Amino acid sequence: MSVTTTSSGRLKRRTEGASPLGSWLLAGPMTLVLAIFLVIPILMLIVVSFLDYNSVQILWSFVIQNYIDALSSGTTYKTFAVTIEYAVITWLITVTVGFWIAYFLAFEVRSTTWQMALFLLCSVPFLTSNIIRTISWIPALGRNGIVNTLLLHLHVIHQPLTFLLYSKFAIILAFVHLDTLFMITPIFNSMMRIDRTLIEAARDNGAGFWRTISNVILPLSKSGIGIGTIFVITLVMGDFVSVSIMGGGQSASVGIMIQNEISLLQYPAAAANSVILLAIVLIMVFLILRVIDIRKEL
Amino acid sequence: MTKTPSLPRRALLKGTAAVVGAAVGSGAITGFPMIWAQNIKNITLRQFGTGVSNLNAIADRCKAETGITLQMTAMDTDAAAQRAVTQPHSYDIADIEYFTVKKVFPTGVLQPLDIKKIKYYDDIVPLFKTGKVTPTASVGQGTAPCRVSYVEGASSTKFAPAPTEWMTLIPTIYNADTLGIRPDLVGKPIKNWRELVDPAFKGKAAIINIPSIGIMDAAMTIESLGMMKYGDKGNMTKPEIDKTIAFLIQQKKAGQFRAFWKSFEESVDLMSSGEVVIQSMWSPAVTAVRSKGIPCVFQPLEEGYRGWGGGLGIAKHLTGLERDAAYEYINWYLSGWTGAYLNRQGYYSAVLTTAQKFMSPNEWGYWMEGKAATAPIMSPEGAQIAKIGDLRDGGSYYDRIGHIACWNSVMDQDRYLIQKWNEFSVA
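Those sequence lines, one after another, are chains A and B. Numbering of the first sequence is given in this note's numbering, commencing with residue 1 and proceeding in unit increments. Numbering of the second sequence is given in this note's numbering, commencing with residue 1 and proceeding in unit increments.
Looking at chain A on its own, in the form it has when it is part of the complex:
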């Protein structure tokens, strides 16, 4: 095989390209995994979304009724609107919080040891399942929860605040809590790659703090922000657990809509909604990639 460790060998490979067999072997396992666990299931999903069904089972006849049902119903649009709203609000908060935490870790913390220690600290909550992390908000935010009890004791409020739990506020809070790390990590990663001399050069040329941020750090962190954005948007768009728990079942999301359909064995309807959701998320990701060249990161 042409994979050698000498420098000349490396040079040879780079100029002539890898042997076709070698690259097939390298790409093979991943291709197989993706084909079996991603491509085939998605193809099945698309096929099922075009099948008819009755109240008992799927019928093998091709129909587009599932899409007509979904796209002609105001409920679908409203549900997608609500879900996108969650995604946008969560994104705005996580990108702001994530950017400044990453900035602090990358530029304010000088020692690498502390940088890594603090970064690991950010990931500590991820040692438990995200359902447990979501549920653990309930005793804190409930009518007789920790926050209300504290505020009542301090005489800040005289009636328990009910908007804290089972509300849009609670849902966004849980999303921010769950997803901020997915923003911090890629932004921190891109910031660590920024050449420090660029920042010195900016200062020497008279740029203040905000000027340095907006003209140097922000543009150079763009790829990290892009990756973080993709993570957060896809996580929020596909969620049904957090919305269900924190919204107390009173709020909708596309995920919950699909789950409701599955619960009555209406798989084709659920599949159609899943395909629509997939298309919308892919369009969002495509738009993000148009704005930000993520390849810079890789």
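Everything hinted at is true.
Here's a subset of chain A near chain B, in silico, CB distances under 7 Å, partners left out:
# : residue
1 : Thr75
2 : Lys78
3 : Glu261
Straight line, CA to CA, 27 Å or less: simulated DSS-like cross-link-like pairs of lysine-lysine:
#  : chain 1 : residue 1 : chain 2 : residue 2
4  : A       : Lys168    : B       : Lys262
5  : B       : Lys253    : A       : Lys168
6  : B       : Lys252    : A       : Lys168
7  : B       : Lys243    : A       : Lys78
8  : B       : Lys202    : A       : Lys168
9  : B       : Lys202    : B       : Lys262
10 : B       : Lys292    : B       : Lys387
11 : B       : Lys243    : B       : Lys229
12 : A       : Lys78     : B       : Lys202
13 : A       : Lys78     : B       : Lys252
Derived from the structure by calculation, the hints contain no laboratory data. Model, not experiment: these values are computed from the prediction. From the three backbone atoms N, C-alpha and C, an ideal C-beta is built for every residue, glycine too.
Once you have looked at the hints, place chain B on chain A.
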């Protein structure tokens, strides 16, 4: 331990298993649990079902008495229905609810059960046969168990309107559900379903978030308010669904509901934390709140109860010795110990005569006859549920089961119902 017989004996049994199995399978030997028990020592049956009856205590007892190993998987109602239909080879025994049967059985994943092999068939309460608890009682609207109890033949998937020799499920458990309340926080007597939407409980009410069941609680409330009379609450027409959902949306927008719950635990937490003071609830959830020392009542209401029932079905793929073991397990299930266990949790057993033998007269009086407890009433886990002199909420078996206004259902318009329920979710 009796669980591990000596090796030579087991080897011997293995050798004879085929012969005995054939004899048993041919129906030559029936009603000899001892022979069965030796024969099926090594058989494992995979069972799934809802959390209410998939209990380790039952599996342990079954192992000790019959030798059959039960692998139990507990899941929520919706997931159980999906498992039944979509993964028919992943289980041997389906422990499912009757309203699910209406959807599951026609798909052909379960086999009809031969009533001749059911030892206590004659003792099964009439609720599952004719549907009438007492000769004068009415059957109740919706998917009453008797409407989906029988099929027309040994390989049929068509429901029979009257008892035949082939059952879809062998009934095991059922109950009459109503609203749960916090008597210390509601501040007035609760007698009707309409109290669920009383403005006094604004932001402190909850309903169940399983569409087919939640809409029935809403329907009970609407009828109680006198706003509308349904033809059949368990099988609504499109206009009826429209009106019911419109009512729910109006209540939701007014802020009446604190939450919609989906699992047993959620309903317990909502009630015990005081987030909610009145909500749809299940009987053991009330017991769970009470065993925390928090007052909670499963409040009987004038309009009646919403009933549900469950039972054991056998997967289509089960044959031979394994099927015999499944029948043996079902016969054991009905033989009393489990029935008493379920009765003590506030459910009802399908065969009352055998369950009674495993309960003390005090327990039987409290749970079944509506009598005051003469000694403290304990849960199967050993927590005290009632003290001397306490009465069961709703009274006797006949007072409760005889007043079921409608049963958990699958509606003909369920496709439409889901669309409308999603509309309610997003409102």
